[in-house]
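With the hints as your guide, set chains B, C and D onto chain A.
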Amino acid sequence: MRIASWAPVIVLLLLCAIISVINPNFLSFGNMVRISQSAMIPLVLGIGATFIIIMGSIDLSVEGVLTLAAVVLSMLVLNGENANDYGLFAVAAVLIVGAGVGFINGLINVRLKVPSFMTTLGTWFIGVGIANALLGGMATRINDPWIRGLAIERFWGFPWGVWVALLCLLIALIIQNYTRLGRHVYALGGGEELAALSGISVARVRIAAFTIAGVFYAVGGILAAAQLGLGNAQIGNGRLFTTITAVVVGGTSLSGGQGSVLQTVVGVLIVVVLSNGMVLMGVPPSVQIGVQGLMIIAAVALSINRKLMKIIK
Amino acid sequence: MPMNSSLKRLNIDRLRHWLPLATLIILVTVVGVMEPVFLQPSTLLQLASDTAVLFILATGVTFVIMLGGIDLSLQSMASFSSVIVALTIAQLGYVSFGLAVGTGILAGFLSGIAHVKLKIPSFIATLAMGGVLFSAALVASKERSITLGDAERSYQTWVTGSHFGIPNVIIVGLIVLIVAHVLQAHTRFGRYSAAIGAGEPAAYASGVKVDRQKIFAYMLSAGFAALAGVILAGRLSSGSPTLAAEMLLPSIAAVVVGGTAITGGVGSIWRTLVGSLIISVVRIGMTFLSVNIFAQNIVFGSVLVLAVAVTIDRSKIPIVK
Amino acid sequence: MTAEIPTLSLVDVDKRFPGVHALKRVSINIMRGEVVGLIGENGAGKSTLMKILSGVYQPDAGEIRIAGQAATFDDAADANRKGIGMVFQEQSLLTNMTVGENIYLGNEAQFTRFGIVDWGRLYAAAERQLAKVQVDVDPRARADTLSFASRQMVELAKALTLEEHAGDHFVILLDEPTSVLERAEIDILFERVRALKSRASFIFVSHRLDEVLELADRIYVMKDGAVVADLNSSEADTTKLHHLMVGRSLQAEYYREPLQRPYRENVVLETENLSLGHAYKNVTFQLHAGEILGIAGVIGSGREELTRTLAGFAPHDSGLLRIDGQSVRLTTPAKAVDLGLGYVPRERRVEGLVLFLPVAANITLADLATFTRNGLINSREERRIAEGWVERLRIKTPTINTLCLNLSGGNQQKVVLAKWLQAKARILILDHPTRGLDVGAKEEVYDLARAVTSEGLAVILTSDTLEETIGLSHRLLVMRDGEITHRTDAAPGHKPSQIDLIGHMV
Amino acid sequence: MVRNIELGLGRPLKRRQLLKGAAAIAAVGMFPAIISRRGNAADMPTLVNSIRSLSNPYHATWNAGGAAFAKSVGAEYVTLVTEGNSEKGIADIKAILAKTGGNCAINIDPNDAPDARPIVEACKEAGAYVVTQWNKPVDLHPWDYNPNYVAHISFSGVPYGKAMAEALFKSMGGKGGIVALGGIESNVPAIERKAGLEQALKENPGIQLLDFQVANWSDTEALEKTNAWLTQFGDKIGGIWAANDGMGLAAIEALRADGRAGKVPVTGIDGIKLAVEAIQKGEMAGTVAWDPFWQGGMGLAIAFDAKTGVFDPAKESKDHREFYGTGVVITGENAQAYYDTNIKSEPTLDWKDIWGRASGQIQYN
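Protein sequences, first through last, are from chains A, B, C and D. So that you can map any letter, position 37 of the first sequence is 36 in numbering that gives the first Met the number 0, and since no number is skipped, the others follow by simple counting. So that you can map any letter, position 24 of the second sequence is 23 in numbering that gives the first Met the number 0, and since no number is skipped, the others follow by simple counting. So that you can map any letter, position 368 of the third sequence is 367 in numbering that gives the first Met the number 0, and since no number is skipped, the others follow by simple counting. So that you can map any letter, position 218 of the fourth sequence is 217 in numbering that gives the first Met the number 0, and since no number is skipped, the others follow by simple counting.
These are calculated hints, taken from the structure and not from any lab test. Mixed in with the good hints, there may be bad ones.
Unchecked claim - Subject to a maximum C-alpha distance of 30 Å in a straight line, what follows is the list of computed DSBU-like cross-link-like pairs (lysine-lysine):
hint, chain 1, residue 1, chain 2, residue 2
1, D, Lys317, D, Lys262
2, B, Lys208, C, Lys280
3, B, Lys116, C, Lys334
4, C, Lys222, C, Lys395
5, C, Lys423, C, Lys395
6, A, Lys112, C, Lys334
7, D, Lys174, D, Lys280
8, D, Lys169, D, Lys235
9, C, Lys334, B, Lys118
10, C, Lys334, B, Lys208
11, B, Lys141, D, Lys201
12, C, Lys423, B, Lys208
Just so we're clear, the structure is a prediction, and the values are computed from it rather than from any experiment.
Bound conformation, chain A alone:
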């Protein structure tokens, strides 16, 4: 890693230092656990989005897939509404649903040649719409002990969900660094025409990347459902912008070709620590979002490697 890409890490450490000076509780083990709990879902979502953003595309379907996944999960595992109890099969089904939506995103993007921005905006609406229609607006309580255990049961002091997120991170790192697909995602971001001339099937890589992202969002949906103990159609609200902000704050460039899953980890931590810290520091609620905006500008301004970016869009 080059020195410049350490800048976000320095920003993160600085942020932690400031918060812990104001409220020393920040550094307690309990708070570390809570930050990890808050970070696990954005992390999984951010990992998925990182693949898409490295390709130079954008994925707005985060909330749609997550919501659909959470709702489908809540209806298939042991729950308070119907007699289903499919356990792990339900989890597999949810992952397939995520993959399916991602696959459709990719297909529309490369076959109908609709820019990813609009494709995924469309599937966002569609995903939430289907989730809504499935539940008819109600919330379904999840009673499956395995799913609930993700949020409640702990291993080495951290909830299982955090370990699941770390497993996702590991898988993403392997995909990114040790598979052809992962490298071809970079190739598409670096120059799609050149990649095609090198014999890479651009369409296949795009579709695969969107599919993988969909699976990660579905994992996010499972974790969200586990955390809240229910599935409802609002469970995804507000998660999209957090996700993309985290990816960009980590230093992945929206124009593609640059960035990595590891950088997204740092970005997610910056965003999560910032919002956690704001409560700990006692920032008044009505100005929190404004302060957060300013802090993110500062974080990005400090951590962006301007030499790598000739054109900022």
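Just chains B, C and D now, with coordinates in the frame of chain A:
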């Protein structure tokens, strides 16, 4: 022989140019055939006036999208602007509208500076600016919506009244259309924007003051968003920090559905007008056709994707990202 | 020819596009271990032929044969699998990836077990490939840290990976590989190609006839979609090739030397000890109205950065720069343009033109203020002006509303020049102005350069070939390691020789 | 050769076009399926419920109430959702007015207080009858728009916010520290409920408010805020007051992950099913049921009766034009009974008893 083929290409180009409008007309016809009330002049006028705010927001962000950027602060800007109007109209009268739009232009200037000088991607810079504006609106309004009395509402007849049976808000929308069209198609700024969006290095090397054009685009975007907020304040006779909630994505979708490339360089205000109307027709059309409420989001999403598949001019977009 | 079966042959290949008969029953053969040159003006059908060979297009009629067997290429990847590799003119490496990744891009499968790429093996293999072309580059280095010359070698190494799976019969297409290289680097490339003839056959496409003669064993000349000649290099010379390509003789006054008028007295631009970081230092020269001042030097000599400084991209940090006697510092291109400088960049398609804007908008881009009244662009006036330039510079375009994307390189370059002439630039910076242009288009650029200088414009020129720099310039500066090492006059009839200058360059 | 499906362009014949066509055909085929059946009663007014969205249990129950009433009178029933977008909400109402020519009865929960005025004005112009609930500007009164603006129904947030706070304090034993989660800041109910909490705090000096945070009615935000509090205040948190059930339930989940669910009492407001269940399980100390089923059905019933001439709004007293409905405070004591009558089975209401739950004219200060 080559002339012949280029003539053909010209015709195809011209055809492509009309695709967004054709899409709109088809949609209106479909709804109209199934529910003839939809085609009554009063309904269509209603549709047009209900599209005005969306159109004005979309117009502003068109300038930024043309450059290849994005403005995510516009709904917070519009809400903040409604709060400014509501708070000051009693003392300042008509000046309050200017104050609101002026604040918008200032906010746009600041986003532009953050984007251009600090080199922060516009996605993040404007998202953050949106947060700041939302906080400002919450603090200024003391976190509640402010209703305007009759005396204050009398300043707003230019929004709420009508002339010769045409609601004023449509006239305001038309003025915005003309001003924005002139800016975009007949001024140096408009030309430079297109050049920057289509090929920033070449524009820069040709002596275009890229930074200045960008900042100006963000000022226009936020300025139009503030104007939309002023109009909303008139239509709803109040100001509230959440008055323009959930209008951001429809506005951007309107721009793209009209066929403007989200990557910049290609587009026009006319396309944005058509795009805004498409969004309105689809939405209101679903109500007219009694589309099942649970299916509405699904239909809306599908129509958006299909509309873009039809309207977007791929000949001018090198790679679809 | 021999009775040997060609490694690759095209038999009566025909290709039509709407309105254009691009290839007319073209037949060519490439023998094993042979370097075949392919020349022709832009539009002669070379690039269509190359695209058919690399699987991008499919022929309408005719056949491709590999070692005598009929073959079809579904796409670039398929052609690659069947033994066709390509080296492109510039920058076809992905700069955000490592050298090793680039070499095996699209072919990682061999290093993959259970879906996991074994990087150790891949980089080891990449190292072996790099050794074949004898270039000393770390396969783990990112491509953007390499010089252009090294990148070209990496491309060659990448093309050579073919022999791992294509067996005995494989062909490498070299598409203008020398256009971004300096002479010394070209020599290295040629040496490698010759050394590799035992393993591969090559098709070498170039506008530089002397290089084709130097490298190729046999040369195909194309004109209007057909092969008009097939001759051994030993029986050809540049004059003959030129004649075959263009259909008329090469003029003795290729660089329009008789049109070289003495420059004027008045100095329009001068520098005094101009320096910028490690790029160049103590550069002092004067540029007169009507003068073409050529700057020669290899990569790293500082001439590229000096050019960028004058164009406003890289402001100097010490010394003096005067334009019309006024001391200035060019912090942005906009400032340079205001002072009457016009930059014709080497990356025409990136910095020269907004490809996705029409011809007219590009011509007027730097001078919109002139016909803006009350803030509004007078579009009738704009059209009139654009049409004027199209006519005056004989820009071949269907209409002034055609996107520049659809113009040929030569016509694109004329649009760039029209832009600066319209902006009344008084000093033109021609940064490799004929890169990628065919002979005819080059001549038109030379004509234009002579015409504008005789009207009093001053020109600073850096060029792809030393020959061109010498031929066009009134005076020459030679740079080495950031400093001017030699100055010489280049009046018509008293032009310095290349050898004279090279001594000061390296 | 597969390649023979080619135009002169050298590209495979627009597979994209084919796909596009196929997608369009599929969309058209879907059309009849998603369009609701039309009722055949020609002069019967259309019944319209306009709510924020159908993605939360509260409004979904509201919608069920509306459907139940519509079925009881055999009228066509339409649901509109604002999706949080005021302009969309208003435009939809106007579309329905245009479509029905004003022959409709509308029951609406405006997205934001300001929306009520243009909606009421449009209804008056079209001749439709409208009832608003929860949000409206304070100077907009039904009697100024006789007869079309039939009534405005609200629930005073102050007493119920206070009641919940008191239920919470009681289960804490009257002393200790609490944290509180508020709704969207500009929302009238959010403001009133917070005011109720503050009154209760003033009367109970033993209770200390450690922090008040806004979670915008969002489960996720409530979870995050509660998490941060658990760090900041740790064991000092003796109870959590939430301005609605969704946020309260999310706070319980944060407690559960910390192993403290059921030990720290939480209160909500709204009376959704999951909250009642949580009270039964002892994880929640209380909630207030507005009975959205009643709101969705009775609001329509009032508008419908006015439209069909059962009563003349202009002749009703002000405490029938702008009135507080009655909420049911649910705590551990009555949770089971409430569950049995209201949740287990669809409640049966007497749609004729339109004023049965009117409990006084709304007071503005």
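Next on the checklist: Tell me the numbers of any earlier hints that the structure contravenes, in ascending order.
Outcome noted: Of the numbered hints, 1, 6 do not hold.
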